[in-house]
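**Student:** What follows is each chain in one-letter form.
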Amino acid sequence: KAGVTQTPRYLIKTRGQQVTLSCSPISGHRSVSWYQQTPGQGLQFLFEYFSETQRNKGNFPGRFSGRQFSNSRSEMNVSTLELGDSALYLCASGTGLAGGPNEQFFGPGTRLTVL
Amino acid sequence: AQTVTQSQPEMSVQEAETVTLSCTYDTSESDYYLFWYKQPPSRQMILVIRQEAYKQQNATENRFSVNFQKAAKSFSLKISDSQLGDAAMYFCAYRSARNNAGNMLTFGGGTRLMVKP
Numbered sequence: 007k008a009g010v011t012q013t014p015r016y017l018i019k020t021r022g023q024q025v026t027l028s029c030s031p032i033s034g035h036r037s038v039s040w041y042q043q044t045p046g047q048g049l050q051f052l053f054e055y056f057s058e059t060q061r062n063k064g065n066f067p068g069r070f071s072g073r074q075f076s077n078s079r080s081e082m083n084v085s086t087l088e089l090g091d092s093a094l095y096l097c098a099s100g101t102g103l104a105g106g107p108n109e110q111f112f113g114p115g116t117r118l119t120v121l
Numbered sequence: 120a121q122t123v124t125q126s127q128p129e130m131s132v133q134e135a136e137t138v139t140l141s142c143t144y145d146t147s148e149s150d151y152y153l154f155w156y157k158q159p160p161s162r163q164m165i166l167v168i169r170q171e172a173y174k175q176q177n178a179t180e181n182r183f184s185v186n187f188q189k190a191a192k193s194f195s196l197k198i199s200d201s202q203l204g205d206a207a208m209y210f211c212a213y214r215s216a217r218n219n220a221g222n223m224l225t226f227g228g229g230t231r232l233m234v235k236p
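Protein chains in written order, with my numbering: chain A, 7 to 121; chain B, 120 to 236.
Since the hints were made in silico from the structure, they are not lab data.
All C-beta atoms in this analysis are idealised placements derived from N, C-alpha and C, irrespective of residue type, glycine included.
Careful: at least some of the hints might be erroneous.
The list that follows gives simulated cross-link-like pairs (lysine-lysine, DSSO-like), each with its CA atoms no further than 30 Å apart [unchecked claim]: (1) A:19 - B:197; (2) B:235 - A:63; (3) B:197 - B:174.
Covered stretches of chain B, going by a simulated chain A footprint (3 or more residues, C-beta under 8 Å) [claimed, not checked]: (4) 161-170; (5) 222-236.
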């Protein structure tokens, strides 16, 4: 099975711009979660999508949004970029079924730099 | 809200020796899952081991084992026969077992493990 893929791998934007990141989960997985990783704040949960619906949301401003398509691929969008949005954005894929530890598989991440 | 704390920002171990990474968590829930993830320099997060809170037996995966103390809310990772490839950031993570919690993971701050040849 192919692993979780994220595109692009690296991105450089300037303040005020917007950006869209993409995540393709493992085939058959219906849950996609997004995390932001920074040296200062560590790993923080952004949101999770399951079967095209947002199931959970972390404590991030409304500039951060996401969606999931019928093929389970997910995108996250950040509008009006700020310097503090520079981070590694990780996507995790899982079955999302209730019960059980439901192992999640992470993608390689997208490194976003805001100048 | 749950919190996860890793009190050791950095640890060092000699190759072939044993090292233990600490993790404590705070929760009011009785059913949950705990995980240790490894993040090497490539940044790809890899699941090392997991533990279901309702299981008293400590999980083991080859050279990796945990010491799960539910009452103390402690979940430490022991790496035996350390290898150079074990050098990485290690994250402890918590996930609620509530149906509406989904797959949300709460991570600790991480411990950087260095392995000396």
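**Student:** Are the hints correct? Go through all of them and say.
**Tutor:** Cross-check of the supplied hints:
Between residue 19 of chain A and residue 197 of chain B, the direct Cα distance comes to roughly 41 Å. Violation of the 30 Å bound is thereby established for this hinted pair. A distance of roughly 41 Å separates the Cα atoms of residue 235 of chain B and residue 63 of chain A; the hinted pair therefore is violated under the 30 Å criterion. Our distance criterion of 30 Å between C-alpha atoms is met by residue 197 of chain B and residue 174 of chain B, whose separation comes to about 18 Å. Against chain A, the stretch 161-170 of chain B contributes 7 residues with a C-beta closer than 8 Å to a partner C-beta. That satisfies the three-residue criterion, and the hint holds.
Closer than 8 Å: that is the beta-carbon criterion, and the stretch 222-236 of chain B has 8 residues meeting it against chain A, so the requirement of 3 holds.
Checked against the numbered hints above, the structure breaks hints 1, 2 and satisfies the rest.
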